[in-house]
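In case you want the letters, here they are:
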Amino acid sequence: MSRFLLYVLCLLVSSAALAAPVDLLQSYETQARQANPQFQAFSAARGEQLYHAKRTHGSGKSVSCAACHTDNPKSAGKNAKTAKEILPLAPSANKERLTDAAKVEKWFKRNCQDVLERACTAQEKGDFLAYLLSIK
Amino acid sequence: MKHTLILIALLASTQVWADGNENLAPAATNQNWKTECSACHMAYPPSLLPERSWRKIMGGLGSHFGQDASLDAPTAQEITAFLVNNSADRVANKRAKKVMASLGPNEAPLRITETAWFIRKHDEVSAQVWKRPKVGSPANCAVCHGGAERGDYSEHQIRIPR
Numbered sequence: 001m002s003r004f005l006l007y008v009l010c011l012l013v014s015s016a017a018l019a020a021p022v023d024l025l026q027s028y029e030t031q032a033r034q035a036n037p038q039f040q041a042f043s044a045a046r047g048e049q050l051y052h053a054k055r056t057h058g059s060g061k062s063v064s065c066a067a068c069h070t071d072n073p074k075s076a077g078k079n080a081k082t083a084k085e086i087l088p089l090a091p092s093a094n095k096e097r098l099t100d101a102a103k104v105e106k107w108f109k110r111n112c113q114d115v116l117e118r119a120c121t122a123q124e125k126g127d128f129l130a131y132l133l134s135i136k
Numbered sequence: 001m002k003h004t005l006i007l008i009a010l011l012a013s014t015q016v017w018a019d020g021n022e023n024l025a026p027a028a029t030n031q032n033w034k035t036e037c038s039a040c041h042m043a044y045p046p047s048l049l050p051e052r053s054w055r056k057i058m059g060g061l062g063s064h065f066g067q068d069a070s071l072d073a074p075t076a077q078e079i080t081a082f083l084v085n086n087s088a089d090r091v092a093n094k095r096a097k098k099v100m101a102s103l104g105p106n107e108a109p110l111r112i113t114e115t116a117w118f119i120r121k122h123d124e125v126s127a128q129v130w131k132r133p134k135v136g137s138p139a140n141c142a143v144c145h146g147g148a149e150r151g152d153y154s155e156h157q158i159r160i161p162r
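As given, the protein sequences belong to chains A and B, one line each in that order. Residue numbering for the first sequence is 1 to 136, as defined by our numbering. Residue numbering for the second sequence is 1 to 162, as defined by our numbering.
Just chain A, same shape as in the assembly:
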């Protein structure tokens, strides 16, 4: 019995560690529906707009996702301050991307604050992921 439980636990742990991007989208969809009963779908086109949108930060600097991640999410970018390399965001170019839900949330929290000076909505996060996943 305990061996069976261990087996189930192993399965659960491995499935959590290897979460597919699709599961992430599903979880953002659930959140988006809770926030907005009229929720329709995620849009890769809106995600693309968000990715490229330039905005003037309170500090006066021009900021955007693309400023660090480059205009093409399949390319490696670099941290605007430290110049440290950032591996590509698009899963088609970097298969580690979008496989760790906690990591995705950590970076949405940080980067939405740095670029938009607020948290992103579940709709925005889902659109953004839909865009990244649409890149072949």
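Everything labelled a hint here was simulated from the structure, so no lab data went into it. Treat the hints loosely; a few may be bogus.
[Said to hold, decoys possible] For lysine to any residue, the following SDA-like pairs were computed, each having C-alpha atoms within a straight-line distance of at most 20 Å:
#1 A/K84 x B/M42
#2 A/K106 x B/A76
#3 A/K84 x B/P133
#4 A/K78 x B/G66
#5 A/K109 x B/K97
#6 A/K103 x B/L61
#7 A/K81 x B/S137
#8 A/K84 x B/R150
#9 A/K106 x B/A73
#10 A/K106 x B/T35
#11 A/K103 x B/K134
#12 A/K54 x B/G66
#13 A/K103 x B/R150
#14 A/K54 x B/P74
#15 A/K78 x B/A73
#16 A/K106 x B/D68
#17 A/K109 x B/R150
#18 A/K78 x B/A76
#19 A/K103 x A/S27
#20 A/K81 x B/K134
#21 A/K106 x B/P26
#22 A/K78 x B/Y44
#23 B/K97 x B/E51
#24 A/K106 x B/A39
#25 A/K84 x B/T113
#26 B/K34 x A/L87
#27 A/K103 x B/P74
#28 A/K109 x B/S38
#29 A/K106 x B/P74
#30 A/K81 x B/A25
#31 A/K78 x B/K34
#32 A/K106 x B/L110
#33 A/K78 x B/C37
#34 A/K84 x B/G151
#35 A/K103 x B/C40
#36 A/K81 x B/E51
#37 A/K109 x B/A39
Starting from the known structure of chain A, fit chain B onto it as the hints suggest.
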């Protein structure tokens, strides 16, 4: 007399050599420290700042030199404990002692490059050199100190890019 002088000279040079080659990698590493800090910059040696600096840095990750570097509470606590246990006031290495000696009793710099020790150690590096595109900033240790990621800052490892 002559032999004594040679012996003194030898001992003195050994002293300098030992100090210059002392490895600054923490005795035991911590995976979260390495992963989280090095996501945006090199994971700097904890022994180059005092405990009070690390506590201040880790308490202000929401705005970390202009970037949001916030962590979940358990990860932040683990990394803080690691930094504190390996800070300049807790480890025995010579450079850590020199860093401490270069600071006022309540001085808590947020940058290693702000310590009087760092400034003294780099006083022969001209402003021109710091501005070279390949150098970028004094925060990029590994550009000139090839072994920095391994804690090796020995003098013979230094190569300043043109």
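Quick rundown of the hints versus the structure:
1. Proposed proximity of A/K84 and B/M42 is supported: the alpha carbons are some 8 Å apart, at most 20 Å.
2. A threshold of 20 Å between alpha carbons decides the hint, and for A/K106 with B/A76 the separation of about 13 Å falls inside it, so the pair holds.
3. Using a Cα cut-off of 20 Å, the hinted pair A/K84 and B/P133 holds, with the two alpha carbons roughly 14 Å apart.
4. Proximity of A/K78 to B/G66 is assessed by CA-CA distance (about 16 Å); at most 20 Å being required, the pair is judged to hold.
5. Between A/K109 and B/K97, the direct Cα distance comes to roughly 38 Å. Violation of the 20 Å bound is thereby established for this hinted pair.
6. A C-alpha spacing of about 16 Å is found between A/K103 and B/L61, which places the hinted pair at or below 20 Å, so the restraint holds.
7. Annotation: proposed proximity of A/K81 to B/S137 holds, straight-line Cα distance about 10 Å (limit 20 Å).
8. Between A/K84 and B/R150 the CA atoms are separated by roughly 17 Å; this keeps the pair inside 20 Å, and the hint holds.
9. About 12 Å separates the Cα atoms of A/K106 and B/A73, which keeps this hinted pair within 20 Å; it holds.
10. With a CA separation close to 13 Å, the supplied pair A/K106 and B/T35 stays within the 20 Å bound.
11. Between the alpha carbons of A/K103 and B/K134 the distance comes to roughly 30 Å, so the proposed pair goes past 20 Å and is violated.
12. For the proposed pair A/K54 and B/G66, the alpha carbon gap of about 18 Å is at most 20 Å, so the pair holds.
13. Between A/K103 and B/R150 the CA atoms are separated by roughly 26 Å; this puts the pair beyond 20 Å, and the hint is violated.
14. As the CA atoms of A/K54 and B/P74 are separated by approximately 34 Å, the hinted pair breaks the 20 Å bound.
15. A C-alpha spacing of about 27 Å is found between A/K78 and B/A73, which places the hinted pair above 20 Å, so the restraint is violated.
16. Distance restraint check for A/K106 and B/D68: the Cα-Cα separation of roughly 10 Å lies within the 20 Å cut-off, and the hinted pair is therefore satisfied.
17. Taken as a hint, the A/K109 and B/R150 pair is broken in the structure, with Cα atoms around 31 Å apart against an allowance of 20 Å.
18. The straight-line distance between the Cα atoms of A/K78 and B/A76 is roughly 24 Å, outside the 20 Å bound, and the hint therefore fails.
19. For the given pair, A/K103 sits about 14 Å from A/S27 by alpha-carbon distance, which is consistent with the 20 Å threshold.
20. This hinted pair checks out: A/K81 and B/K134 have alpha carbons roughly 14 Å apart, not beyond 20 Å.
21. About 26 Å separates the Cα atoms of A/K106 and B/P26, which puts this hinted pair outside 20 Å; it is violated.
22. The straight-line distance between the Cα atoms of A/K78 and B/Y44 is roughly 19 Å, inside the 20 Å bound, and the hint therefore holds.
23. A threshold of 20 Å between alpha carbons decides the hint, and for B/K97 with B/E51 the separation of about 13 Å falls inside it, so the pair holds.
24. Taking the CA atoms of A/K106 and B/A39, the gap is near 12 Å; set against the 20 Å cutoff, the hint holds.
25. Simply put, A/K84 and B/T113 have alpha-carbon atoms about 18 Å apart, close enough for the 20 Å limit, and the pair holds.
26. Taking the CA atoms of B/K34 and A/L87, the gap is about 17 Å. The hint holds against a cut of 20 Å.
27. With a C-alpha separation of about 14 Å, the suggested pairing of A/K103 with B/P74 holds against the 20 Å cut-off.
28. Taking the CA atoms of A/K109 and B/S38, the gap is about 18 Å. The hint holds against a cut of 20 Å.
29. Taking the CA atoms of A/K106 and B/P74, the gap is about 13 Å. The hint holds against a cut of 20 Å.
30. Between A/K81 and B/A25, the direct Cα distance comes to roughly 24 Å. Violation of the 20 Å bound is thereby established for this hinted pair.
31. In summary, the hint linking A/K78 to B/K34 is supported, as the alpha carbons are separated by about 19 Å, within the 20 Å threshold.
32. A distance of roughly 23 Å separates the Cα atoms of A/K106 and B/L110; the hinted pair therefore is violated under the 20 Å criterion.
33. A distance of roughly 15 Å separates the Cα atoms of A/K78 and B/C37; the hinted pair therefore holds under the 20 Å criterion.
34. Only pairs whose Cα atoms come within 20 Å are accepted, and A/K84 paired with B/G151 is accepted, the gap being roughly 18 Å.
35. Between A/K103 and B/C40, the direct Cα distance comes to roughly 14 Å. Compliance with the 20 Å bound is thereby established for this hinted pair.
36. This hinted pair does not check out: A/K81 and B/E51 have alpha carbons roughly 25 Å apart, beyond 20 Å.
37. Of the supplied pair hints, the one linking A/K109 and B/A39 holds, its CA atoms being roughly 15 Å apart against a limit of 20 Å.
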